[in-house]
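Take the given structure of chain G and dock chain D to it, following the hints.
Protein chains in written order, with this note's numbering: chain G, 307 to 576; chain D, -6 to 151.
The set of hints was computed from the structure by calculation and includes no laboratory data.
Treat the hints with care, since some could be wrong.
Calculated lysine to any residue pairs in the SDA-like style (CA-CA distance at most 25 Å, straight line) [to be verified]: (1) G:Lys349 with D:Pro134; (2) D:Lys119 with G:Asp391; (3) D:Lys102 with G:Lys563; (4) G:Lys364 with G:Asn557; (5) G:Lys454 with D:Pro134; (6) G:Lys393 with D:Ala148; (7) G:Lys454 with D:Glu95; (8) D:Lys58 with G:Glu502; (9) G:Lys524 with D:Asn91; (10) G:Lys524 with D:Leu81; (11) G:Lys401 with G:Ile390; (12) G:Lys524 with D:Thr111; (13) G:Lys329 with D:Glu83; (14) G:Lys458 with D:Leu81; (15) D:Lys119 with G:His469; (16) D:Lys65 with G:Ser503; (17) G:Lys401 with D:Cys139; (18) G:Lys458 with D:Asn91; (19) G:Lys454 with D:Cys136; (20) G:Lys343 with D:Gly24; (21) G:Lys498 with D:Met78; (22) G:Lys343 with D:Ala148; (23) G:Lys413 with D:Lys102; (24) D:Lys102 with G:Ser503; (25) G:Lys547 with G:Ala353; (26) D:Lys103 with G:Glu502; (27) G:Lys563 with G:His416; (28) G:Lys349 with D:Ala148; (29) G:Lys524 with G:Gly473; (30) D:Lys103 with G:Pro346; (31) G:Lys524 with D:Arg74; (32) G:Lys524 with D:Glu95; (33) G:Lys454 with D:Gly138; (34) G:Lys413 with G:Pro482; (35) D:Lys65 with G:Thr345; (36) G:Lys401 with G:Gly473; (37) G:Lys535 with G:Arg555.
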Amino acid sequence: MSISRRDFLRIAGFSTLFGLGAKSAFEMLAPGELEAKLTPNPKALSAQRWAMVVDMRKLNEQTAEKCIEACHRVHNVPDFEDPIDPKDKIDPEEKIRWEVKWIWKEKYEHAFPGQAEVAIPEKIHKLNFLLLCNHCDNPPCVRVCPTKATWKREDGVVMMDQHRCIGCRYCMAACPYGARSFNWRDPRPFIKGDDESYPTREIGVVEKCNFCAERLAKGQLPACVEVSKGALTVGDLNDAKSKVRELLRTNFTIRRKTQLGSNPQVYYIV
Amino acid sequence: MKEPVKSEFGTVGEKPKVEKKFYNRNLILAGIIVFVALITYPIWNLQGKSVPPPDPKLDTPVIQKMAEQDRKCIEDKTYMRNYHMQMLDEWRDQVVRNGNREYTSLSGKKYTASLQNTCLECHSNKSQFCDQCHNYVGVAPYCWGCHLTREKKLAEAK
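Chain G extracted, bound-state conformation:
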């Protein structure tokens, strides 16, 4: 008995196809061992669309300073004014050029340019607005990132994955709010590092406010909100009963550079 060449090829072909197909189908359908074992913390704070309201009536200079200090401390943001070792002192120009900030203060005309008022009330002119990443609904930084190191989460938080950042700084060019900073040098000598629960960054990556994603995941409010004495509020914009919606309903709010179409999600009550 013999097998014809044609039959042999046919049988061989089908069995290869079956073998390969079954293996990959199995691999695709079976959940990965580790993947299946990682779940979100049940205590995590969640929202459909996170947003922040900054009530400038309640925010005074000291509270603003406290918010900045709290944020920069828990996220190990370098302070170039204050090196650990006095030998690392840098000159004033570099302090400005290398500045790394997640949340900072700015005058009205710098925070809200192009609003075209002829004259603004003295009170507002004097205010120092607290600025941070706006976690835009249409984030220009995400559009330009070539490695998806920055992306918008489903709950609206614009996140950074420092592991993927290649330091091209496209996002910095794209962000109209100046919310992103580049690590021009190793930040470690300028970080007191009292908080060892959060990583630092290294030279050559971009960083910005992450809406305290690591704190939300544990069920804590963002660091700045916690110390703001009610001036800062975060909540779910999609939930009509949320505190954020309540504030937006009862107060007139402004947002930064809405004319650019990035749909920023930090609202200011003035």
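Quick look at chain D alone, frame taken from chain G:
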């Protein structure tokens, strides 16, 4: 037998007679010796010497405080030894990108998926633990560019 045909270039069918000569002989031989000596340097330099095998230490304060039966890693020792890098890779992606921050081990116990807060809490002696094997096999993971080790605090505590 045919008479060989002679031409002005020599006899047809025979190789032309070339005088065999080794040009620059001394220079070339010396060069070869130097070259061989250089590329085998790592071999003969380590002759007779032995590199001590890695010796990861487990004597950190947190581990020592644990009761004997609790003194286990989140998974079994062999698994951790072989696959901790895949596990950390998976943790990184799941935590940062998907927000899945809780790891359930095979024993059913829950841990926070965090290199800096979970692994290093017990293994606070990076240079005595992580570096031992990493240096031995010549790998340099770039975790520590950002993730803080707890060695400073460990040194202060001592």
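Going down the list of hints, with the structure as the test:
1. G:Lys349 with D:Pro134: Answer violated: lysine 349 of chain G to proline 134 of chain D is near 32 Å, above 25 Å.
2. D:Lys119 with G:Asp391: 23 Å, holds
3. D:Lys102 with G:Lys563: 48 Å, violated
4. G:Lys364 with G:Asn557: 13 Å, holds
5. G:Lys454 with D:Pro134: 22 Å, holds
6. G:Lys393 with D:Ala148: Roughly 23 Å separates the two Cα atoms, so the pair holds.
7. G:Lys454 with D:Glu95: Distance of about 24 Å is within 25 Å: holds.
8. D:Lys58 with G:Glu502: 21 Å, holds
9. G:Lys524 with D:Asn91: Given that 25 Å is the threshold and the Cα spacing comes to 14 Å, the pair holds.
10. G:Lys524 with D:Leu81: 20 Å, holds
11. G:Lys401 with G:Ile390: The hint holds at about 15 Å.
12. G:Lys524 with D:Thr111: Since the Cα atoms of lysine 524 of chain G and threonine 111 of chain D sit roughly 14 Å apart, the hinted pair holds (cutoff 25 Å).
13. G:Lys329 with D:Glu83: Roughly 22 Å between the alpha carbons, so the hint for lysine 329 of chain G and glutamate 83 of chain D holds.
14. G:Lys458 with D:Leu81: Holds, at about 23 Å.
15. D:Lys119 with G:His469: 20 Å, holds
16. D:Lys65 with G:Ser503: 22 Å, holds
17. G:Lys401 with D:Cys139: Between lysine 401 of chain G and cysteine 139 of chain D the Cα gap is close to 21 Å, so the pair holds against 25 Å.
18. G:Lys458 with D:Asn91: 11 Å, holds
19. G:Lys454 with D:Cys136: Distance of about 20 Å is within 25 Å: holds.
20. G:Lys343 with D:Gly24: Not satisfied, since the Cα-Cα distance of roughly 61 Å exceeds 25 Å.
21. G:Lys498 with D:Met78: 29 Å, violated
22. G:Lys343 with D:Ala148: Violated, at about 35 Å.
23. G:Lys413 with D:Lys102: 51 Å, violated
24. D:Lys102 with G:Ser503: 21 Å, holds
25. G:Lys547 with G:Ala353: The given pair, whose Cα atoms are some 12 Å apart, holds under the 25 Å limit.
26. D:Lys103 with G:Glu502: Measuring from Cα to Cα gives roughly 21 Å; hence the hint holds.
27. G:Lys563 with G:His416: Judged against 25 Å, a Cα distance of about 11 Å means the pair holds.
28. G:Lys349 with D:Ala148: Distance of about 34 Å is beyond 25 Å: violated.
29. G:Lys524 with G:Gly473: 29 Å, violated
30. D:Lys103 with G:Pro346: 11 Å, holds
31. G:Lys524 with D:Arg74: With a Cα-Cα distance of about 29 Å, the restraint between lysine 524 of chain G and arginine 74 of chain D is violated, given a limit of 25 Å.
32. G:Lys524 with D:Glu95: 10 Å, holds
33. G:Lys454 with D:Gly138: 21 Å, holds
34. G:Lys413 with G:Pro482: 16 Å, holds
35. D:Lys65 with G:Thr345: Judged against 25 Å, a Cα distance of about 22 Å means the pair holds.
36. G:Lys401 with G:Gly473: Holds, at roughly 20 Å.
37. G:Lys535 with G:Arg555: Holds, at about 21 Å.
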